[in-house]
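Going down the list, the sequences are from chains V and R. With my numbering applied, the first sequence corresponds to residues 6 to 762, in that order. With my numbering applied, the second sequence corresponds to residues 59 to 214, in that order.
Some hints could be false.
Claimed, not checked - In silico DMTMM-like cross-links for lysine to aspartate or glutamate, where the CA-CA straight-line distance does not exceed 20 Å:
| no. | chain 1 | residue 1 | chain 2 | residue 2 |
| --- | --- | --- | --- | --- |
| 1 | R | K207 | R | E178 |
| 2 | V | K295 | V | E234 |
| 3 | R | K207 | R | E177 |
| 4 | V | K701 | R | E99 |
| 5 | V | K307 | R | E99 |
| 6 | V | K195 | V | E26 |
Said to hold, decoys possible - Some residues of chain R that are not near chain V, with every Cβ distance over 12 Å (derived):
| no. | residue |
| --- | --- |
| 7 | A67 |
| 8 | G109 |
| 9 | A121 |
Note that these hints are calculated values from the structure, not bench results. Since this is a predicted model, take the numbers as computed values, not measurements. Positions of the beta carbon are idealized from the N, C-alpha and C atoms, including for glycine.
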Amino acid sequence: MAHEPRPRRFVSTKVEVEGREETKIVELPDRTPEPWGPDAELTVVGQRVARMDALEKVTGRARYTADLHRGGMLFAVIVRAPVPAGTVTRMDTAAALAIPGVRGVLTADDVRGIRHEAGHLFDATIHYAGQPLCAVCADTLDVAHRAAAAVTMEITPAPHAVTAEQALAEGAPVVRAGGNRTRNSPRIIKRGDAAQALREADVVITREYRTPVVLHTALEPHGAVAEWEADRVTVWESTQGIFMTRTDVARAFGLPLSHVRVMKDYMGGGFGAKNGASASTYIAVALARKLGRPVRCVLDRKGEQVDSGNRSATVQRVTIGARRDGRLVAILLDAIVPLGIGGWQAGPARIYHELYQCPNVHTSETFVYTNAGAMSSFRAPGHTEGAFGLECTMNALARELQLDPLELRIRNYAADDQSRARRYSDKQLDDCYEMGAQRFGWDARESRRGDRTGRWRRGFGMASATWGAGGGPPAYATVRINRDGSVEVLTGAQDLGTGSRTVFAQVAAETLGARLATVRTVLGDTERLPFASNSWGSITTASVGPAVRVAAEEARSRLFEAAAAMMDAVPEDLEARESVIHVRGGARTMTFAEVCDKLGDVMIIGQGSRGPNPDGATLAAFCAEFAEVLVDVETGRVRVERLVAAQDSGRIINPTLAESQLEGAILQGLGYALFEERAMDAALGLPLNPNMHDYKIPTMRDVPHLEAFFVPGADTTANHTGAKGVAEPPIIPVAPAIASAVADALGVEVTEIPLTP
Amino acid sequence: MRLTVNGSAYDVPLAGHETLLAVLRGRLAMTGTKLVCGHGECGACTVLLDGVPAYACLTLAAACEGVEVTTIEGIGAPDRLHALQQAFIDHDAVQCGFCTPGQIMAGVALLRENPHPTEEDVQRAMSGNLCRCGTYPKIVRAVLDAASKLEASHGA
Numbered sequence: 006m007a008h009e010p011r012p013r014r015f016v017s018t019k020v021e022v023e024g025r026e027e028t029k030i031v032e033l034p035d036r037t038p039e040p041w042g043p044d045a046e047l048t049v050v051g052q053r054v055a056r057m058d059a060l061e062k063v064t065g066r067a068r069y070t071a072d073l074h075r076g077g078m079l080f081a082v083i084v085r086a087p088v089p090a091g092t093v094t095r096m097d098t099a100a101a102l103a104i105p106g107v108r109g110v111l112t113a114d115d116v117r118g119i120r121h122e123a124g125h126l127f128d129a130t131i132h133y134a135g136q137p138l139c140a141v142c143a144d145t146l147d148v149a150h151r152a153a154a155a156v157t158m159e160i161t162p163a164p165h166a167v168t169a170e171q172a173l174a175e176g177a178p179v180v181r182a183g184g185n186r187t188r189n190s191p192r193i194i195k196r197g198d199a200a201q202a203l204r205e206a207d208v209v210i211t212r213e214y215r216t217p218v219v220l221h222t223a224l225e226p227h228g229a230v231a232e233w234e235a236d237r238v239t240v241w242e243s244t245q246g247i248f249m250t251r252t253d254v255a256r257a258f259g260l261p262l263s264h265v266r267v268m269k270d271y272m273g274g275g276f277g278a279k280n281g282a283s284a285s286t287y288i289a290v291a292l293a294r295k296l297g298r299p300v301r302c303v304l305d306r307k308g309e310q311v312d313s314g315n316r317s318a319t320v321q322r323v324t325i326g327a328r329r330d331g332r333l334v335a336i337l338l339d340a341i342v343p344l345g346i347g348g349w350q351a352g353p354a355r356i357y358h359e360l361y362q363c364p365n366v367h368t369s370e371t372f373v374y375t376n377a378g379a380m381s382s383f384r385a386p387g388h389t390e391g392a393f394g395l396e397c398t399m400n401a402l403a404r405e406l407q408l409d410p411l412e413l414r415i416r417n418y419a420a421d422d423q424s425r426a427r428r429y430s431d432k433q434l435d436d437c438y439e440m441g442a443q444r445f446g447w448d449a450r451e452s453r454r455g456d457r458t459g460r461w462r463r464g465f466g467m468a469s470a471t472w473g474a475g476g477g478p479p480a481y482a483t484v485r486i487n488r489d490g491s492v493e494v495l496t497g498a499q500d501l502g503t504g505s506r507t508v509f510a511q512v513a514a515e516t517l518g519a520r521l522a523t524v525r526t527v528l529g530d531t532e533r534l535p536f537a538s539n540s541w542g543s544i545t546t547a548s549v550g551p552a553v554r555v556a557a558e559e560a561r562s563r564l565f566e567a568a569a570a571m572m573d574a575v576p577e578d579l580e581a582r583e584s585v586i587h588v589r590g591g592a593r594t595m596t597f598a599e600v601c602d603k604l605g606d607v608m609i610i611g612q613g614s615r616g617p618n619p620d621g622a623t624l625a626a627f628c629a630e631f632a633e634v635l636v637d638v639e640t641g642r643v644r645v646e647r648l649v650a651a652q653d654s655g656r657i658i659n660p661t662l663a664e665s666q667l668e669g670a671i672l673q674g675l676g677y678a679l680f681e682e683r684a685m686d687a688a689l690g691l692p693l694n695p696n697m698h699d700y701k702i703p704t705m706r707d708v709p710h711l712e713a714f715f716v717p718g719a720d721t722t723a724n725h726t727g728a729k730g731v732a733e734p735p736i737i738p739v740a741p742a743i744a745s746a747v748a749d750a751l752g753v754e755v756t757e758i759p760l761t762p
Numbered sequence: 059m060r061l062t063v064n065g066s067a068y069d070v071p072l073a074g075h076e077t078l079l080a081v082l083r084g085r086l087a088m089t090g091t092k093l094v095c096g097h098g099e100c101g102a103c104t105v106l107l108d109g110v111p112a113y114a115c116l117t118l119a120a121a122c123e124g125v126e127v128t129t130i131e132g133i134g135a136p137d138r139l140h141a142l143q144q145a146f147i148d149h150d151a152v153q154c155g156f157c158t159p160g161q162i163m164a165g166v167a168l169l170r171e172n173p174h175p176t177e178e179d180v181q182r183a184m185s186g187n188l189c190r191c192g193t194y195p196k197i198v199r200a201v202l203d204a205a206s207k208l209e210a211s212h213g214a
């Protein structure tokens, strides 16, 4: 007898995270809801409801990692390398241990095998200034700081290279044993024949750009509290990825995953720097094991600024060839990217392949190790740096051709994703251009320009962005309806301050027909919650939202089946609103609480997972930004007057929270454009501004007039909620838009940020 | 020494060099006031000393004898929010929330001194309170809104 072939339960799908596409195996969900199309009638999704954890935050009751206090808890402080290269030949901790209240030290012998950046944690070989060398632990933070200062050591310094120029020079010091360039350098990505096409171009322009190393500067530093119970450890961590942190800790300490519990309730910002365990995590866990007491290890501000990641600097040499009508025929990039001592390769090249229709693109990236803190993801890593070179060059080309920069972009609009030879699930960058330009008054900008001879000159600029913010599997959620009708959404995701808690509750309330105030989202516990991935790459809403919806659909169908029996109806005739179930066309109603109370301890539970991404499509968000600046021609001071941003992120679940993300990303971009830069003394190899006074992030006085909005839409090809990510795309165009406005004001191009006077 | 925080007196044994921030967070378990920079650079630890804003990280606890210290915990409770706390919620002037207690304390101090601030007054008074999430535009709106609501309620 022939069997029907069983449909496959596990399939593979493509997911893009932080500009990198991965193939993942995904379990098909039991149900795939009808997509919420652009015209779907939704009553909770799309509403400007208040952030659900705002009350805890405005009353100071929200507990962050450093606010936790466990009985008998000790405090750890890290002792760091004072030089960028060398060898520790002797370390003496006796004086530190003799201080009353000091409970122990942690040295390389205690953490054998735990990897950290270029080598191992507490390596005797120093790779960068600020590298952890040992840690001390005491009853109070105050005593721990004194103990850290009492550790003495002898160090034989070695020559260092803290810039790409130093590391690539002939006879440069060996930064990493495998070589100062990454093994894959130069990384070449190409399509067509750019060199040949350039010969046939009507216009060729070449520029060189420089972008700085910038620091995340999250207000809450990295940190962890660790507590062991027999052979199991609980870690409270300020992290964007509880499950990744769990994997890291389990691997480092040789534990089964089931013996590591990672929890995160509130966190004070991440911006890409808090993905997985870091030195502070390992130190807290190791000290807690060694001393048999809970240990808190939270970085101080200097530690955070020198050793918790950064956005790589770049040098980008860009050549663009175009026809007289502005159509691009060739794009070439030659980039040098110093990574610091490690991290990953978030190169600037990808956006050169993605943003415009162009048959011939050739990019080359050389990644260089230097004796400085390792890079890490920082809000749209790679694309933000790359957009500065690409978009400034496009604006230079527009000037060369005497074309409107907006018109140049429309003429080179990429309807498909040429870099991967496939379509977009949806793309409304054209709407972003049109609606952004309209809101800004782009066409009428000359009428605002005013005096061209005075001290303050006015200029206008624009730029755009693409970012793979479609999310994807795996992600799981559970929805429970309690006896009193209250609802819990359980998922192992994180809310970094983005609003995920609120967004998931809205999706669940919408699907269930529940009153939003009765829905609570529970996040951040690897032991009690189903898996969700790191909150990075602007993926959380689009990855987890659909899983929440599936879980809520399953819960609703169970609830309706139970209610139908009680209401003498069939489930198909029931509908719910504000936690009240109605029989369609009838008068009979029951509340969720009435149904569930009758069920007693029989709990309504729905499980949901995120299904695969569509085959053969690129999922991305898009953004266009327009800047107006005033430049003081005497001092060079730049005042950004106005920024308008129009973004396509598909359906917006909560416009208020999403706009907060837009504004925040734009202000980080403004800091990148105007004044943020990690200053490094190249001769000494030491960072000069590892604090919040000398490293300038924007203040309230730097805020221009901001108008940031979303173009309407819902990308139902991407997923059945129609939502895509929000957080990263809007930082991408800020610096080139501002720099181009400055160039427009002065009539002189600027090719380097920050634009400090 | 005796420390008065949010209207309650505490007898605290302390070393002379301990900061008010360390005492609030460590000894009194009032963790709403945040440690961010430790050097008076960011405003996250803003508290009120006799109604005047101060950085708790730069204030010696020993200097606070006889001073009325007010922290975020003393401004309003969940069921009885200060108008500015409510305005922060209404305007989504909160993202990660880590700078929020300091922002609110700075805002409360401003509104006490200047009940009718202009947008520029707010920007000047609060430019020492850093926020990396970039909630500034909404914080300004929240402060201005709270000012008008406070005026309306006082007028009533």
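Could you check the structure against the hints above and give me the numbers of any it violates, in ascending order?
Those not satisfied: there are none.
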